[in-house]
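Sequence order for the protein chains is A and B.
Per the working numbering, residue 1363 is the first one in the first sequence, and the count goes up by one each step.
Per the working numbering, residue 1390 is the first one in the second sequence, and the count goes up by one each step.
Check the hints yourself; a few may be wrong.
Straight-line C-alpha distance at most 27 Å; calculated BS3-like pairs for lysine-lysine [unchecked claim]:
id, chain 1, residue 1, chain 2, residue 2
1, B, Lys1445, A, Lys1742
2, B, Lys1503, B, Lys1418
3, A, Lys1744, B, Lys1503
4, B, Lys1445, A, Lys1757
5, A, Lys1544, A, Lys1644
These are calculated hints, taken from the structure and not from any lab test.
Predicted, not measured: the structure shown is a model, and the values here were computed from it.
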Amino acid sequence: MENNYYKRVWLRLIGVFSLLITVPVAILVLVTTNSLRDAAIEKVEISLGRLIEHKKDVITLYLKEKEDLLAMMVGMYPISYLGRQENLNTLFMAVNKTGSIVDLHVIDSSGKQLAYVGPYAQSLVGKSYHDAQWFQDVLIKGSHVSDVFLGFRKIPHFVVAVSDPLKTYVLRATINSEQFNKLLLSTQVGPHGDTFIVNRDGTLQTPSRAGLSELGNEDRLLLEHHEGTAIFQREEDVFVRGDDKVVDDSGGTSISTREESIVATRWVKDGQWCLFVKALIKDSLGPFHQVRNNIIMVIIATSVVFFAIAVLLINYFLKRIEGEDLRRTELGHQMVQMEKMATVGRLAAGIAHEINNPLQMITSQAEWIGELLPEEEPGKVKNLDEYLKAIAQIKQHVRRAGTITHRLLGFSRKISAEKENVRINELIEETISFVEKEAGYNNISIVRTYAEDLPGIMTDGPQLQQVFLNLINNAIDEVGQGGIIEIRTEVQDNKLIAEFADNGRGIKAENLKRIFDPFFTTKDPGKGTGLGLYISYDIVKKLGGTISVANRNSGGAVFSIVLPLTKPGSGR
Amino acid sequence: MREFNVLVVDDEQEFRDITIKRLEKRGLKVQGAESGEKALQILEHSYTDVVLLDVKMPGLDGIETLRRIRSMKPLVEVVLLTGHASVDSGIEGMKLGAFDYLMKPIELEPLLEKLADAFEKKRLHQDKIEQAQIKKNMSKPA
């Protein structure tokens, strides 16, 4: 079934196109979103790097500020002044407007406390710092900042100490690191991010926003391996040094991107503290997701549109191809039919040639007998009448056979197909007059609908009349008693149309194609030669027209003859 | 029925024989030729009024024979008779001056009629020539 074939082709084409569109689109979407994600993550990394740098600067500034404050005091007041308790009190009140300084200590170079302002006064009486590490450090380096510890009332503190340039005494202050913590916590790293500082041992110096009490294993690893400016990528649970990639110009920051989080680390306070800034990837990728979703929607929408266009095009072209194929098949059929007709025509003509000569002999000899018989004595020849009758029959049949062969060979009394000005309506009327009597006997009515002012055309009248006669005779034979034959003429699209219709049984579908074939007849043998329509077809074709047949909706068959409107040179 | 001379040209002997027989019974003087060449020979030496000529013959075909007859004996009328008919050869024959074109099978009566008509045409033509001749002679001084 041809329909199935085209359906299959259509399905295949649609399938291929679907693949052609969805596969690249899918790849495109994947690649784009991955690239976008990587770009977004890189952005986060960079911004984290900047953030941590900024924080480092802030922290460094803060600590420096405190150091400078103490250094200024040491520079301004000699030990004799500072060593006196009441002076230290005054100084303490002056510098502690913000309450960030918890206490002030003055200690001489041997480690003995000279003066103290602060809440620990009782517990520090008589204490000597001579052996304390930090004390040694101060005397050597000139300043010292300690780690954070939980001090008075469990408030986090750290200590800043400076010595005078002559190393004769040390001024020490305990700083309330809450303000310090606030600086850190103001970092914007998303709802699940974290910012904190740890010392070299990994002990938290500032509270972790995420509530960590100590450094996790991964972070500890980071701590140990952080050197210089390397970027670490997580690969199979082992931190591997990746490509050397400088995150920012100042160096010193390490960015580690894990599956779910990015961690930036930075040493501050001369490598004693490590600043950690953590951001959860999914928090930072909000805008990325927005963009990604937009892109995906656009890509999908576009592909849907293109797919729809493709489907429309496929449908259109497939229909065209189907039409072309059908036309070609039909043309093929027509060619075959024409070939058939031509072959049969040639065959028929060839046979006719051969038959005419024997026919002539039959009739000549029969006539001869007929001519000589009467010369016999009637008494002597018993069956004279019979002989004469038989001879008459022979001649009749030869005539009949001759008609067939002559018609086959296209012979008509008028040899030359002369073109003359013919008025079709009148020609048809004349033709009808030949059969009026016969039609009348059978109560057959012939209804004419002639177009008025039907122009005369240059054609072969007698041959055309032969065609009309053939059609009318066929109609009469078909309708029988009380039938109706309708004849119509009109001009349409610059062509002359003559239609001959009957209200008989119509023509069977399978015969419609063969009705113009030579020797095709539906009449009983002996009643029709099957040549009438074949010759009519031939005549009409030679006159430059077409003849066709169809079954009418109202019943019966209608033969349509279409002739070109070739006007006579000199109008009538 | 006037008596006139007919030459039957056809390669089929049986047809020639029966046709000659029958035409002679009707009082015509008839000769036969089996080919175009033979026909031309007879025409040269015998007096013929009408030629009954078959179109399709081996050797010199009918149309060529017709051409030569018309050039050799322009007054002789030729009636073409054939079983191998086509409209085209009929038209060609008429163009070349054949009197008419008949198809086999044909019965004797219509054939006779046609031959008689052809002869009539020849006779009238010949009469006219004679008349012209007489007039010409009369205008000359004796």
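Going through the hints against the structure:
{"no.": "1", "hint": "B:Lys1445 / A:Lys1742", "result": "violated, 44 Å"}
{"no.": "2", "hint": "B:Lys1503 / B:Lys1418", "result": "holds, 16 Å"}
{"no.": "3", "hint": "A:Lys1744 / B:Lys1503", "result": "violated, 36 Å"}
{"no.": "4", "hint": "B:Lys1445 / A:Lys1757", "result": "holds, 25 Å"}
{"no.": "5", "hint": "A:Lys1544 / A:Lys1644", "result": "holds, 25 Å"}
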